[in-house]
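Protein chains: 2
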Amino acid sequence: MHFSDQQISTLDKSFRRNLINSVTGFKSVALIGTKSQEGTTNVAPFSQIIHVGADPAMIGVLFRPHTVKRHTLENILTTKVYTINHITAEFLAEVHHTAARWQQSEFEACKLQEEYLEGFEAPFVRNAKIKIGLSLVERLDVQSNGTHLIIGVIKHLIAPEEVVGKDGFIDLEAAGTLTSSGLDSYHKTKRLARFTYAKPNVSLKKLLE
Amino acid sequence: MHFSDQQISTLDKSFRRNLINSVTGFKSVALIGTKSQEGTTNVAPFSQIIHVGADPAMIGVLFRPHTVKRHTLENILTTKVYTINHITAEFLAEVHHTAARWQQSEFEACKLQEEYLEGFEAPFVRNAKIKIGLSLVERLDVQSNGTHLIIGVIKHLIAPEEVVGKDGFIDLEAAGTLTSSGLDSYHKTKRLARFTYAKPNVSLKKLLE
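Protein chains in written order, with the numbering used here: chain A, 578 to 786; chain B, 578 to 786.
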């Protein structure tokens, strides 16, 4: 099938939403935990998460336009801290359910446990094995559609010792971290290979299979 | 294991690079195809790819600082067009090898075939099943570390008919699209579930298993 830009613009809205949200490929998916200035916690799933830099260690999250109430974005802009918590199959249904428009904290509504580090205000998700605590450093506004790229620097990185390799590589698959596609599909992974650094005219070797 | 920001800043450089590149979770990974003004084609793997919006249909790619020669970024800024091509296991070794510093076009060096659409200058990768042709619409410069978010609008979207669902959802798993983690690890996927839209106090149903 071939869709041109003109055809895409005339597609049924829901069809287009599913099509365009899935065509970027598999995504990171994680729970972002925040707390309002009044002390109400919030947790919700996000899949537009990207590596921004290793030194300083920074991560970006793209948020939809701030035209309606978006608790996660508001809490980050107000309190400047937030957490990113990886998702595993053990609590996947709870994760997807946090996306609903709950009146109370999604931690309570969806039976997820809050966890705190001393001196860091934002809630981590106890169920998660890999967790990151971030501090807001930059906000970029996309002119074309009003979305916001929120960039944070890593203040805390927590991972089970057995999944962190000697070279620093975190074996996400061994940790059970999931990936997502489209708006509502979640997947486990199966490693094909880790390759050595690519050089011209040198055959690739596999580090892991 | 718990790494604080201070510990992260004193880690061995290569260890930190692997650690921070893997902690964001599984990523999209795709080949970006471009052509220079002089007509030399270029193709290279990128994994910082995010959905920006469905209407207009826009995708973002984060590029490292433009302090050394970066052919893909230069070609996009000059010619304003580029392609994103999904990766499958059938040509994974060729994909990873395109990341090396080749003197000639990586298409030729890595035995990948170019493919063109009439009226669209950037090369698609024939080996890919899902391919996107984009036109540059916006460039955002990250002040914190000099990276660049390049946003393009989808001009062409190509996918096999059998993987595009009636609701627009593209079954990436059926198409054999891979995901990546860290700098050098590639993975197949196995669907756990597609869920219905999340509502408060309503049990989730699975659309697909």
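Certain hints may be false.
Chain copies aren't distinguished; within one or between two, either way the pair holds.
[To be verified] Below, simulated DSS-like cross-link-like pairs (lysine-lysine); rule was C-alpha separation at most 30 Å, straight line:
id, residue 1, residue 2
1, Lys657, Lys782
2, Lys646, Lys688
3, Lys783, Lys743
4, Lys590, Lys782
5, Lys765, Lys657
6, Lys590, Lys646
7, Lys767, Lys743
8, Lys590, Lys688
Quick caveat, the hints were computed from the structure, so don't treat them as lab data.
**OP:** Pop the pair Lys657 and Lys782 into one bin, within, between, both or neither, using alpha-carbon distances up to 30 Å.
**Re:** So Lys657 and Lys782 fail the 30 Å test inside a copy (43 Å) and across (35 Å) alike.
Original post:
Within a copy, between copies, both or neither: where do Lys590 and Lys646 come within 30 Å Cα-Cα?
Top reply: The answer is within: 22 Å in one copy meets 30 Å, while 41 Å across copies does not.
Original post:
When no copy is named, should Lys590 and Lys688 be tagged within, between, both, or neither for a Cα gap of at most 30 Å?
Top reply: neither (33 Å within a copy, 39 Å between copies)
Subject >> 30 Å Cα threshold - placement of Lys782 relative to Lys590 >> reply: between (45 Å within a copy, 22 Å between copies)
**OP:** Give the relationship of Lys765 and Lys657 under a CA distance limit of 30 Å: within one copy only, between copies only, both, or neither.
**Re:** neither (32 Å within a copy, 36 Å between copies)
Original post:
Are the CA atoms of Lys767 and Lys743 at most 30 Å apart within a copy, between copies, both, or neither?
Top reply: both (21 Å within a copy, 28 Å between copies)
**OP:** Have a look at Lys783 and Lys743 and pick one of within, between, both or neither, based on CA distance no larger than 30 Å.
**Re:** The answer is within: 17 Å in one copy meets 30 Å, while 39 Å across copies does not.
Original post:
Is the C-alpha distance from Lys646 to Lys688 at most 30 Å within one copy, between copies, in both cases, or in neither?
Top reply: For Lys646 and Lys688, the Cα distance is within 30 Å only inside one copy (23 Å; across copies 50 Å).
Going down the numbered hints, you'll see the structure goes against 1, 5, 8, while the others check out.
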